[in-house]
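Novice: Heads up: the sequence shown at position 40 corresponds to 39 in numbering that gives the first Met the number 0, and the numbers run straight through without jumps.
Hints should not be assumed to be uniformly reliable.
When the alpha-carbon atoms are kept at most 25 Å apart in a straight line, the in silico DSS-like pairs for lysine-lysine are as follows [said to hold, decoys possible]:
hint	residue 1	residue 2
1	K280	K290
2	K103	K204
3	K241	K288
4	K363	K482
5	K156	K484
6	K388	K363
7	K542	K280
8	K363	K484
9	K363	K331
Simulated restraints, written as ranges between beta carbons of each label pair [to be verified]:
hint	residue 1	residue 2	range
10	I453	E377	22 to 32 Å
11	K403	R443	39 to 49 Å
12	P481	G58	29 to 39 Å
13	T517	A319	21 to 31 Å
Please keep in mind that the hints were generated in silico from the structure rather than gathered at the bench.
Note that CB positions come from ideal geometry on N, CA and C, so glycine has one too.
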Amino acid sequence: MNRLIALLVFLALPAKLAVCQTGSGIDEIAATPAVASDLATLCKVWGLVKYHHPGLAAGDVDWDAELFHVIPAYLAEESSSAKADCLVEWLEKLGPIKEAKPAKSAKKKCIEPDLHWVDELSSERLIVLLKAIVASRHAPTSYVRFDLSGLVSFVEKPYESLTYPDTGYRLLALFRYWNIVQYYSPYRELPDVPWSQTLNDFVPKFLNASDALEYRLAILELTTRLQDGHANGGIGDDLVSKFWGVNQSLVRTRFIEDSLVVTGFWQEEIDSAIEVGDVIKTIDGVPAKLKADRLATHIPASNQPTLMSYITLRMLRSNAEEIVVEFERNSKLGTTTIPCVSMSQLGKLRKEKQAKAGSAWKVKDGIGYIHLDNFTDEQRSEIMDEMMKVDRLVVDARGYPRGKIKPLLNSFLRVRTPFVLLSFPKPDEPGAYTQTQQSVGYTRLDTLIQRPKIFEGKVAILVNVSTQSFAEHCAAAVRVAPKAKVFGSTTAGADGNVVSIVLPGGFNTRISGLGVYTPDGEFLERKGVIPNVSILPTVNDVKQGNDRVLHVALDWLNCMIHTDC
C-alpha cells in the first residue's frame, strides 16, 4: 500500500510543485545504512542531471521540487533494479536528448570530471541514460553562471523562511552542497576523506538533525570535510552566532607550542589581571584543549596550523559580558575575569587599531619595511618610489593586503615571470578544469614606454597562518624575485577566489572557485606558500615581545650585503 501511495504521489507532479515553497511533503526517513546508501546514489544522479541535462538549461523545471517528487517513490521501491527503473522513468520525462558536439578549446584540461561512479551502478539502463545526458551537455544549466573572466556563480533558491527545514529540504541542502563541490570545486580531490565517502557519512546526519541548530551544525561539519579555508559558513546567522558566542573577549590569543597564549589586547586598558605571555588553561571551567577539540568539528581549514588559528578566534567568545579564565604565569596558576564586547564593537576596535598602525612603509637601519596589512592605494606611489632608495627589503605578508597592489608586485621583476597557475571550471563540462599561467613583472612594452624602476636588492618575505588567500598570492608573486626568500611558518593554504553558496533556510557558506598551483603544477591549496626558512615563535618570544621571524630575516638581509648568503 505504501508503495502504491508513493507512486500515485509520483504522478501528481503539479500539485506537488505548488506546495514545495513551504514544505517538501517529506516526513521523517529512517536513517538506516541501506536508506543512506540509496539516498547517496540519488544525490549523485540528481546532481549529474542538474548540471548536464539540456532540459534544465532554460530554467523551466524546478529541480528542487522534482527531488521532493521522486524521493517517496524511489525509496518505496524494494529492489535496486526497481529503484533504477524509477529513476529512468523520472528522467525520461525531462524530454529527448541528443549528443552535443564538444566545444573546441586550446586549453588543456588539468582536472577531469569524476564520473566513475556511473559505471558502478547496477542498472545498465540507468548507466546508458546518464552517459547520454552527459554527452548532451552543451551549455551551463540555469543553476550556474559564468562571467567574462570565467568565474563561476550559483543561482539557487534560499528558502529563507525555513528556519528549521523539514526532512526533504535538509536532504536538498546536502545534495546541493555536495554536488556544487563535486562539479565546481577545484579542490574536491584534496580532502583526507574522499568526497564520495563524505556523502555517505552525512546523509544520516542531515536526516537526524532534530532542530534548527543541529541542522546548521551539520552544514558546518560538512564544510570542514572539504578542508578549504574559504569554506566558512553561517556568517550573520543568529543561531550560529549564539553557538560561537555573540560577544568576544578583549584579549587576543594564539596557539603557540600547543598552548593558548595571550598575545595582546583589542584596547589599551582592560579590567583584568591577564597579561601578555600568560597561558590560558581553562575558559569558564572548560579546559582549553577540550574546548578547542569541540570547536574543531565545525570550523573548516586547509591545514592543521590554520585550523588552530581559526579556533583561536572563537575560543574566547561567549554569550555573557565576561568570561572567567584560569591562567598560568611563571609556573603559577591564577584566575581572573576578562570583559567581552559585541562583535560589532570588536569590529570598531579592530579598525581603530589598524588606523593607529600608520603607514605601510618605514625605513630602519637602511632596510625598507612594507606591511601589507596596512597597505592602501594612497600609499602605493610613495612606497614604490621610496623602496628604490634601499637595497634590502622586508615584505611582511602576515596580514591581508588592501588596495590595488599589483603595480607594487610588478616592480620586483624586469620581465614577465610566471608565479602561479590558475585553473578555471569549463563551462561546457562540469567537473573539468583548464589551466592558465599568471605572471608578475613588466612586459616589454611596459619597459619601453614607462622605463619602470625595478627593485633588485634582497627581499625577505614574512609569512604565517595569517597569510591567507590574496596575501598568499602576493607572497608567491614576490618570491620569484631573484634575491627573495620566504621566512616563517605554514600559511593558510586557502587559495583562489571565493564563491558563495546559499542553502535552505537562507544559510550562507562559501568555497574556493579557482584552483591555484605553483608554476610546476603543485597545489598551493592546503600546503600554502612553503617558507625557505621555517621559524615558529615560542611562548618566551611572546613574553619578551620578540619577533623571531623578523630577526632571522634581518640576519639574512644583513649577512654579507649584496650576496646570497
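Novice: Now tell me, hint by hint, if it's right for this structure.
Specialist: Cross-check of the supplied hints:
1. K280 to K290: 11 Å, holds
2. K103 to K204: Distance ~42 Å between K103 and K204 Cα, so the pair is violated.
3. K241 to K288: 21 Å, holds
4. K363 to K482: Judged against 25 Å, a Cα distance of about 20 Å means the pair holds.
5. K156 to K484: 47 Å, violated
6. K388 to K363: 12 Å, holds
7. K542 to K280: Since the Cα atoms of K542 and K280 sit roughly 17 Å apart, the hinted pair holds (cutoff 25 Å).
8. K363 to K484: 20 Å, holds
9. K363 to K331: 39 Å, violated
10. I453 to E377: 22 to 32 Å: 23 Å, holds
11. K403 to R443: 39 to 49 Å: For R443 against K403, whose Cβ atoms are near 22 Å apart, the range 39 to 49 Å is violated.
12. P481 to G58: 29 to 39 Å: For G58 against P481, whose Cβ atoms are near 53 Å apart, the range 29 to 39 Å is violated.
13. T517 to A319: 21 to 31 Å: Cβ of T517 to Cβ of A319: about 46 Å, so the range 21 to 31 Å is violated.
The structure fails hints 2, 5, 9, 11, 12 and 13 (numbered hints given earlier, in ascending order).
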